[in-house]
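Generate coordinates for the entire structure from the input sequences, incorporating the hints supplied.
So you can see what is in the structure, the chains are spelled out below.
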Amino acid sequence: MSKVITITSGKGGVGKTTTSAAFATGLAQRGNKTVVIDFDVGLRNLDLIMGVERRVVFDFINVINGDANLNQALIKDKRVDNLYIFPTSQTRDKDALSKEGVARVINELRDNFDYIICDSPAGIEHGALTALYHADAAIIVTNPEVSSVRDSDRILGMLASKSRRAEENEAPVDEYLLLTRYSPERVERGEMLSIEDVQEILSVPLIGVIPESEAVLKASNTGMPVILDVESSAGIAYGDAVARFLGEQREMRFLKAQKKSLLRTLFGKA
Amino acid sequence: MMMSIMERLFRKRNDTASVAKERLQIVLAHERAGRTAPDFLPLLQKELLSVVAKYLEVEDEMIKITLEKAGEVSVLEINVELDKARIRKSLPIAEKPPIETKKAAVGL
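In order, the protein sequences belong to chains E and P.
1 is the number of the first residue of the first sequence in the working numbering; add one for each residue after it.
1 is the number of the first residue of the second sequence in the working numbering; add one for each residue after it.
Simulated from the structure, these hints should not be mistaken for lab results.
Beta carbons: idealized from backbone N, C-alpha and C, even for Gly.
Watch out, some of these pointers could steer you wrong.
[Claimed, not checked] Simulated restraints, written as ranges between beta carbons of each label pair:
hint : chain 1 : residue 1 : chain 2 : residue 2 : range
1    : E       : Arg55     : P       : Thr66     : 54 to 62 angstroms
2    : P       : Asp60     : E       : Gly247    : 21 to 29 angstroms
3    : P       : Glu61     : E       : Glu100    : 42 to 50 angstroms
4    : E       : Arg189    : P       : Leu67     : 38 to 46 angstroms
5    : P       : Lys64     : E       : Lys259    : 55 to 63 angstroms
6    : P       : Lys89     : E       : Ala160    : 43 to 51 angstroms
7    : P       : Lys46     : E       : Ser98     : 31 to 39 angstroms
8    : P       : Glu61     : E       : Gly223    : 53 to 61 angstroms
[Stated by the list, open to error] Residues of chain E clear of chain P, computed beta-carbon distances all greater than 12 angstroms:
hint : residue
9    : Met1
10   : Arg30
11   : Arg55
12   : Ala103
13   : Glu214
14   : Gly247
Here it is, written out as structure tokens:
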């Protein structure tokens, strides 16, 4: 059975596209035929994060309007088998995502893929609501910070009332919390909400904790999903999150503050 | 919900995280309550007001409607504040209120 997973947050800049790229890549690496769709019409960025920006010919809106078919628009990843990128339009506005058009495309993708990852735009407007409408599961990307937690709560409300599953009285969308940009050092100093704090407030099962990591920016600089950087804490943490999503038991890592050795302090290597 | 006195006393000097948590819990409790209110409540309030206004001179803010969930039961509470209400001099002719209501209204 094909599954639609929406990566959402309400707030911008918390790591939705980074997470979409990582999850899609991780699921494909494990042998699942996966497509990742950019729903952020007019602000296309998934192509850059996936490193396929020079291979975009047709986009989501072209397919909705019937100007191109799916096979012409899907970009096959060159690093990982089973992985396809579906870019959005950079020129049109968000209203170009018609309800019927999106439903038709999603249903066609359901026939051909195991996982359909929807990278939601920020906000609670048409684009974000369209991205969450077809969700079977949702990953709520949240930073341990007041505005992000509040917006995540708002998006959880939307999932419970505005998704297709809610409208058609089906089983509710499976919700998972992914905490990103987590800094155990700052949590220990009482400067940052802890995992337990955020979980207590949002009451959503935790799928992973991604530590604040320089690897995320480095990966986006080069157009490589950070999950492929298996040396980095963020890459490893994303790998764990994907494994948990697929039902594996894995302990959370990188939750304790690193004790800086004298040498590290002297030479400033984080 | 509120932090215990002990927690407040022993809060670290730079512990801004617990302030964040407390603020979030309060604001979200408020926002969630508003979110679950069904869309028809404002309309219900307006229509009830127009019915009551046929008999009594009432202002908008004198009617309060809340819908609260307690376990499996939902309670629809309608409060009409009558302290300042005055009985209308000209009651609708076709639908005169029953005698008892009139008696009760005299006491207002």
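Going down the list of hints, with the structure as the test:
no., hint, verdict
1, E:Arg55 x P:Thr66: 54 to 62 angstroms, "56 angstroms, holds"
2, P:Asp60 x E:Gly247: 21 to 29 angstroms, "55 angstroms, violated"
3, P:Glu61 x E:Glu100: 42 to 50 angstroms, "44 angstroms, holds"
4, E:Arg189 x P:Leu67: 38 to 46 angstroms, "43 angstroms, holds"
5, P:Lys64 x E:Lys259: 55 to 63 angstroms, "58 angstroms, holds"
6, P:Lys89 x E:Ala160: 43 to 51 angstroms, "50 angstroms, holds"
7, P:Lys46 x E:Ser98: 31 to 39 angstroms, "34 angstroms, holds"
8, P:Glu61 x E:Gly223: 53 to 61 angstroms, "58 angstroms, holds"
9, Met1, "31 angstroms, holds"
10, Arg30, "36 angstroms, holds"
11, Arg55, "42 angstroms, holds"
12, Ala103, "24 angstroms, holds"
13, Glu214, "23 angstroms, holds"
14, Gly247, "30 angstroms, holds"
Consistency note: the structure conflicts with earlier hint 2 alone.
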